[in-house]
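Chemist: Listed below are the residues making up each chain.
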Amino acid sequence: MQLRSIRGVALSGVALIVLAACGSSGGGTIVAGCTNLNATAAAGAPISRFTNPLPNAAANSDAPIAASGPVVKIGFQGMLAGDLKNYGIDARNGIQMAIDEAGGGFTYNGAPYTLQVDAQDDVDATAAGAQTAAQKLVDDKVVAVIGGVFSTASIAGQKIYHDNGLAQISPSATNPKYTDEQPKPGTSYRVIGRDDQQGPIGADLLVKTLGCKKIAVVDDKSTYGAGLATAAADQIPKDGGTVVDTEHVTAGAGGDFKSQLTSIKGKSPDAIYYGGYSREAGPFAKQAKDLGMTIPIAGGDGWQNADFTSLAGASGNGAFASNGGPAVSSLTAFNTKYKAKFNQDVFQYAPQSYDAANILINALKKDGPNKAKIVADVAATKDYKGVTGTISFNSKGDLTDSVFTIWKFSSGDWKPFKAVTTHNPTS
Amino acid sequence: MQHCVDLLTSGITPEGLLQQLINGIALGSIYALIALGYSMVYGVLELINFAHGDVFMIGTFTIYGVVQVTHTGPSTSLPLLLAVLLLGTLVAMAVCALLGFSIERVAYRRLRNAPRLAPLISAIGVSFVLEAWVTTYLTDRDHALPTLISGQWPIYGNVSVTNVQIVMVVSSIAMMVGLQFLVRRTRLGRGMRAVAQDREAAALMGVNLDSVISFTFVIGSALAGVAALLWILNYSISSSIGFLAGLKAFTAAVIGGIGNIPGAMLGGFFLGLAEAFGAAYVANISCGFFSSSYQSVFAFALLILILVFRPSGLLRERVSERA
Amino acid sequence: MNALQALEALLHGPFGDFPVGGLNFGAVLVLAWQIVVFGGLALGIRTLVRRRIRISIPHAQAVGRAVRRPLGDVRVLLAVAVVLPLAEMLTGGYYLTVTYNVELYVLLAIGLNIVVGYTGLLDLGYVAFFAVGAYVYGIFASPQLGQTAHATFHFLVPASQGPGVHISMLVMLPVAGFAAALFGVLIGIPTLRLRGDYLAIVTLGFGEITRIFAQNLDSPVNITNGPNGVTRIDDMFIGGYSFGDITNHIGPVSIPPFLNYYYLVLLLIVVTVFVVARLATSRVGRAWTAIREDEVAAEVAGIHTRNLKLLAYASGGFFGGMAGAVFAAGSHVIAPESFQLFLSILVLCMVVVGGMGSIEGAALGAVAIGLPYFLSSQLQSLRVLIFGVILVLMIALRPQGLLPSRQRQRELSETVDDGTGAPHVEAVADLQQV
Numbered sequence: 001m002q003l004r005s006i007r008g009v010a011l012s013g014v015a016l017i018v019l020a021a022c023g024s025s026g027g028g029t030i031v032a033g034c035t036n037l038n039a040t041a042a043a044g045a046p047i048s049r050f051t052n053p054l055p056n057a058a059a060n061s062d063a064p065i066a067a068s069g070p071v072v073k074i075g076f077q078g079m080l081a082g083d084l085k086n087y088g089i090d091a092r093n094g095i096q097m098a099i100d101e102a103g104g105g106f107t108y109n110g111a112p113y114t115l116q117v118d119a120q121d122d123v124d125a126t127a128a129g130a131q132t133a134a135q136k137l138v139d140d141k142v143v144a145v146i147g148g149v150f151s152t153a154s155i156a157g158q159k160i161y162h163d164n165g166l167a168q169i170s171p172s173a174t175n176p177k178y179t180d181e182q183p184k185p186g187t188s189y190r191v192i193g194r195d196d197q198q199g200p201i202g203a204d205l206l207v208k209t210l211g212c213k214k215i216a217v218v219d220d221k222s223t224y225g226a227g228l229a230t231a232a233a234d235q236i237p238k239d240g241g242t243v244v245d246t247e248h249v250t251a252g253a254g255g256d257f258k259s260q261l262t263s264i265k266g267k268s269p270d271a272i273y274y275g276g277y278s279r280e281a282g283p284f285a286k287q288a289k290d291l292g293m294t295i296p297i298a299g300g301d302g303w304q305n306a307d308f309t310s311l312a313g314a315s316g317n318g319a320f321a322s323n324g325g326p327a328v329s330s331l332t333a334f335n336t337k338y339k340a341k342f343n344q345d346v347f348q349y350a351p352q353s354y355d356a357a358n359i360l361i362n363a364l365k366k367d368g369p370n371k372a373k374i375v376a377d378v379a380a381t382k383d384y385k386g387v388t389g390t391i392s393f394n395s396k397g398d399l400t401d402s403v404f405t406i407w408k409f410s411s412g413d414w415k416p417f418k419a420v421t422t423h424n425p426t427s
Numbered sequence: 001m002q003h004c005v006d007l008l009t010s011g012i013t014p015e016g017l018l019q020q021l022i023n024g025i026a027l028g029s030i031y032a033l034i035a036l037g038y039s040m041v042y043g044v045l046e047l048i049n050f051a052h053g054d055v056f057m058i059g060t061f062t063i064y065g066v067v068q069v070t071h072t073g074p075s076t077s078l079p080l081l082l083a084v085l086l087l088g089t090l091v092a093m094a095v096c097a098l099l100g101f102s103i104e105r106v107a108y109r110r111l112r113n114a115p116r117l118a119p120l121i122s123a124i125g126v127s128f129v130l131e132a133w134v135t136t137y138l139t140d141r142d143h144a145l146p147t148l149i150s151g152q153w154p155i156y157g158n159v160s161v162t163n164v165q166i167v168m169v170v171s172s173i174a175m176m177v178g179l180q181f182l183v184r185r186t187r188l189g190r191g192m193r194a195v196a197q198d199r200e201a202a203a204l205m206g207v208n209l210d211s212v213i214s215f216t217f218v219i220g221s222a223l224a225g226v227a228a229l230l231w232i233l234n235y236s237i238s239s240s241i242g243f244l245a246g247l248k249a250f251t252a253a254v255i256g257g258i259g260n261i262p263g264a265m266l267g268g269f270f271l272g273l274a275e276a277f278g279a280a281y282v283a284n285i286s287c288g289f290f291s292s293s294y295q296s297v298f299a300f301a302l303l304i305l306i307l308v309f310r311p312s313g314l315l316r317e318r319v320s321e322r323a
Numbered sequence: 001m002n003a004l005q006a007l008e009a010l011l012h013g014p015f016g017d018f019p020v021g022g023l024n025f026g027a028v029l030v031l032a033w034q035i036v037v038f039g040g041l042a043l044g045i046r047t048l049v050r051r052r053i054r055i056s057i058p059h060a061q062a063v064g065r066a067v068r069r070p071l072g073d074v075r076v077l078l079a080v081a082v083v084l085p086l087a088e089m090l091t092g093g094y095y096l097t098v099t100y101n102v103e104l105y106v107l108l109a110i111g112l113n114i115v116v117g118y119t120g121l122l123d124l125g126y127v128a129f130f131a132v133g134a135y136v137y138g139i140f141a142s143p144q145l146g147q148t149a150h151a152t153f154h155f156l157v158p159a160s161q162g163p164g165v166h167i168s169m170l171v172m173l174p175v176a177g178f179a180a181a182l183f184g185v186l187i188g189i190p191t192l193r194l195r196g197d198y199l200a201i202v203t204l205g206f207g208e209i210t211r212i213f214a215q216n217l218d219s220p221v222n223i224t225n226g227p228n229g230v231t232r233i234d235d236m237f238i239g240g241y242s243f244g245d246i247t248n249h250i251g252p253v254s255i256p257p258f259l260n261y262y263y264l265v266l267l268l269i270v271v272t273v274f275v276v277a278r279l280a281t282s283r284v285g286r287a288w289t290a291i292r293e294d295e296v297a298a299e300v301a302g303i304h305t306r307n308l309k310l311l312a313y314a315s316g317g318f319f320g321g322m323a324g325a326v327f328a329a330g331s332h333v334i335a336p337e338s339f340q341l342f343l344s345i346l347v348l349c350m351v352v353v354g355g356m357g358s359i360e361g362a363a364l365g366a367v368a369i370g371l372p373y374f375l376s377s378q379l380q381s382l383r384v385l386i387f388g389v390i391l392v393l394m395i396a397l398r399p400q401g402l403l404p405s406r407q408r409q410r411e412l413s414e415t416v417d418d419g420t421g422a423p424h425v426e427a428v429a430d431l432q433q434v
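Sequence lines, in order, name chains A, B and C. Residues in the first sequence are numbered consecutively from 1, following our numbering. Residues in the second sequence are numbered consecutively from 1, following our numbering. Residues in the third sequence are numbered consecutively from 1, following our numbering.
In short, the hints are calculated from the structure, not lab data. Just to be clear, a hint being listed does not mean it is correct.
Listed below are the simulated SDA-like cross-link pairs for lysine to any residue, each with C-alpha atoms no more than 25 Å apart in a straight line [said to hold, decoys possible]:
#1 A:K184 - C:T148
#2 A:K265 - B:G16
#3 A:K366 - A:G165
#4 A:K184 - C:Q147
#5 A:K208 - A:D118
#6 A:K208 - A:T294
#7 A:K382 - A:K208
#8 A:K238 - C:D218
#9 A:K184 - C:G244
#10 A:K339 - B:Q68
#11 A:K73 - A:K382
#12 A:K371 - A:N38
#13 A:K267 - B:D6
#14 A:K73 - A:K267
#15 A:K267 - B:Q152
#16 A:K341 - C:Q147
#17 A:K184 - A:S395
#18 A:K365 - A:H162
#19 A:K341 - C:L11
Using the sequences and the accompanying hints, generate a full structural model.
Modeler: What follows is the structure, encoded as structure tokens:
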């Protein structure tokens with residue numbers, strides 16, 4: 001377990017958040033157990049960087065340059081078909097957006113180059129699919145790769161990228177193994193926090209901020225969900241809470257969670273931590289309300305999205321979820337631009353892949369289409385101001401500081417609640 | 001050891017048992033309705049119709065579409081709400097029936113005399129096509145309706161049964177009774193039974209094979225349309241729900257004795273209960289060694305046990321003559 | 001506009017989107033368009049083919065013979081299999097990787113064919129054997145046991161692999177095979193009395209149970225590492241030669257890892273085909289056929305159906321387990337989600353499409369389905385749709401499979417006459433040629 005080494009979770013809500021002091025502030029119903037459920041965010045505080053102009057939107061982005069010159073390809077590995085394709089297509093769109101904002105190309109040493117995204121489907125994020133996609137990208141002579149979207153597929157493609165000297169930036173692989181176990185010298189990076197950073201944030205929120213003592217921990221047994229839930233469950237006792245129940249739901253396609261919820265109800269916890277994706281978390285929250293459970297449910301970025309909004313509806317009110325960076329809100333400038341371009345809301349990882357693409361584009365502008373130099377440039381990324389926060393990589397390939405925002409679901413939509421920065425020690 | 005006894009004694013309460021029983025029966029009624037369609041098709045064709053779950057999935061999207069188009073929500077008045085749901089169900093039944101009919105016509109009919117597993121492959125292919133078609137052209141995201149029908153009745157302690165659960169169980173039993181009547185008492189039903197017993201002999205006796213088989217698909221698929229209503233009142237929908245729901249319905253049909261209508265019903269309820277109790281109590285009865293992630297293991301282990309002792313399912317005496 | 005976009009546009013038709021409540025109601029128009037255009041096209045082709053089939057049958061037979069004869073020659077096939085990856089290397093690594101993955105499916109299909117094709121036991125849980133083999137190798141050839149038991153042990157593997165138990169593939173390959181075979185027997189015992197679809201659902205259940213155990217056996221003792229899966233699995237080593245090392249080269253030509261694995265699997269396939277072909281024509285094989293045709297009659301005739309069914313599971317499992325071990329080494333990472341029910345179904349499709357009960361059929365089926373399965377990823381969002389259509393078309397055009405066993409063909413053609421549907425012209429044609 002890597003958890004112990006990353007206990008440097010620093011609450012740096014600094015200028016962003018005013019936390020209500022301990023003790024309930026009165027008004028509204030207080031669920032038994034949680035002493036501070038009415039903790040509120042500072043009203044009207046500009047929480048999200050999204051509300052400011054995009055730092056990377058080049059001034060000339062509205063007047064696209066007709067890109068010319070030789071074609072340089074940025075690879076993308078992810079799900080482009082099947083029932084998880086919205087994750088993959090969303091991330092690919094993020095790259096496309098970055099390229100289009102750069103004018104469809106770049107100039108290096110006075111010579112113009114045309115930029116393209118080479119998106120390869122990894123056949124439902126399977127190991128074999130990831131390897132074939134990776135080989136295709138190598139054959140296509142891409143200069144660097146963004147992907148995969150899920151952790152196992154990212155790890156399966158990793159060795160091939162490493163063997164071919166390609167920088168790999170995953171927008172969304174949160175499993176610690178992705179960077180911890182990568183072949184040396186490292187070529188894999190990620191622009192998202194790790195499970196073992198994000199899980200404790202949820203635990204801290206429930207126990208410390210909201211004052212809930214008895215927590216039920218639920219996960220969907222996916223690599224992602226279980227990783228998050230385990231990390232949260234490890235942190236809860238350290239914060240002074242107790243894990244009173246551990247339940248698992250079967251992932252895949254909606255489903256019935258009433259029997260798990262009935263069991264949880266029998267243990268009368270103060271709150272639930274749910275590690276998993278919106279596909280299950282939405283119905284889970286809804287069915288909890290149907291069973292008359294009004295206790296808060298907290299979780300991670302897997303369900304801090306519009307999908308949860310549409311699946312849980314008003315039943316989601318009172319849920320909390322952390323997300324990397326200032327996260328995606330329907331009001332943000334990024335989402336507005338995204339929607340204007342792709343005629344739909346951001347689903348999940350477009351901002352992360354957008355940042356990853358911009359890091360690569362900057363490297364290309366600096367050193368041209370040279371695989372090895374791009375790897376070095378990505379490794380040297382320091383204080384890069386992206387839409388998901390300030391990005392610097394440590395020697396492992398993780399973000400040195402990950403900004404998380406905890407969002408509260410109220411009145412049928414996500415509202416920013418609290419910002420947390422966690423520091424990631426180098427290996 | 002004491003730990004295990006505690007788990008058994010304090011972990012399992014009468015109230016909990018009763019609530020899980022209600023949860024299980026409600027869930028089972030959906031499986032049962034889908035299983036009826038599986039079982040009927042199996043009865044006449046001996047075909048595992050893998051596409052049946054996806055027909056059901058299309059049904060859920062149809063009802064969802066009707067509710068969206070009519071702008072129905074929790075604030076809609078009750079009579080209007082019921083009218084919309086009824087309309088949605090009728091449209092879904094029609095769409096499913098038409099789809100079932102077309103699938104049989106396009107993908108199965110010419111394989112009627114092919115080797116036994118050939119139509120199975122065709123069914124799998126159709127299942128892929130339906131799922132992919134939905135994600136490509138209709139929607140690639142999950143959807144859910146807000147809680148439209150609320151309200152519950154307390155029965156014992158803090159155990160209650162919701163109105164939706166009552167609707168689920170009543171409508172699935174009503175459908176089974178209607179179906180049983182159709183099969184046992186009507187001319188068409190006689191044709192279906194004849195085809196199920198011996199296809200060639202039935203054809204020689206003047207039963208129109210094509211129309212009986214088509215009709216079986218139409219009825220089975222229309223039932224999936226009713227199951228779609230029960231599903232969408234409770235759960236979310238996506239292109240992939242069909243496969244899993246179909247798989248569970250197939251399991252239910254096998255538990256009951258595939259080809260047997262009351263058996264499919266019984267199997268559905270049985271599976272629903274097994275899942276509910278499995279998720280709730282597998283930890284208690286295994287001394288905490290297994291957790292609720294073994295829910296499906298519990299259900300499948302029961303299935304295997306049943307089939308070891310009754311190799312043709314709960315209600316089917318006749319041993320399947322085909323290997 | 002490239003070819004893919006053209007295909008997308010053709011399938012979509014000239015309609016816009018009409019989104020209501022998250023659904024695109026324009027899909028109804030798209031459906032109408034597809035029915036009119038492709039339904040019309042299909043009808044047209046059918047009328048054309050019907051007219052021409054009578055004329056072309058003699059030619060088809062001649063062509064079929066001409067193609068089959070050399071392809072039926074094992075030496076020719078083997079030569080093609082040996083040279084193919086070298087040719088593919090000229091185009092880069094993609095086709096080689098695809099071919100290697102398809103090759104694994106060939107091994108799986110040949111193994112499943114023993115259970116489904118020869119013995120007639122409908123097995124929907126074949127992925128369990130693949131998983132057992134993969135996990136057995138993965139656990140004993142990775143740092144996994146180092147994390148659990150702080151054990152460090154190297155056998156025929158360079159000590160540079162670090163802590164954990166690292167045993168050479170040379171040892172683990174048969175071990176993985178036998179472990180899966182044993183697993184097959186364990187699954188077989190409770191299912192001996194079951195037939196047909198009852199057996200199908202029980203084997204499906206065992207497949208799922210296996211996956212769920214892999215997902216959960218990270219506690220109380222960490223055996224499988226749960227949902228995270230086993231990572232950093234060793235490559236195969238022969239002496240100091242690592243299959244996964246990219247610096248391997250012969251002269252100026254570097255040897256990509258998948259080329260090593262390709263030849264490893266090819267060797268396994270050759271051995272498997274040899275063993276299975278011998279088995280199939282032996283007493284055991286004939287007994288399997290007897291069980292498939294009529295289990296009661298076989299029993300009456302003095303065949304130990306119980307032992308022979310268990311043997312079928314065990315041998316099917318053995319080859320599945322070996323394929324799993326190689327898969328684990330080639331991909332370096334295995335997780336429960338790699339062993340979904342979908343894989344069982346896919347391999348079953350291969351056996352059926354190839355033609356049940358024949359080795360060459362199973363192998364051809366694996367190629368005929370495996371290639372579109374991987375290559376269709378180039379169709380991006382249309383992948384699943386087109387793959388489904390290919391499945392339906394393949395089985396519609398050759399219901400008896402691409403290369404059914406001759407024995408089965410004979411049985412088939414007998415049923416052609418007493419059926420009520422249209423006679424199977426192709427089945428008759430195949431029979432005449434036997």
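Chemist: Which numbered hints are broken by the structure, listed smallest first?
Modeler: 5, 7, 12, 14 and 16
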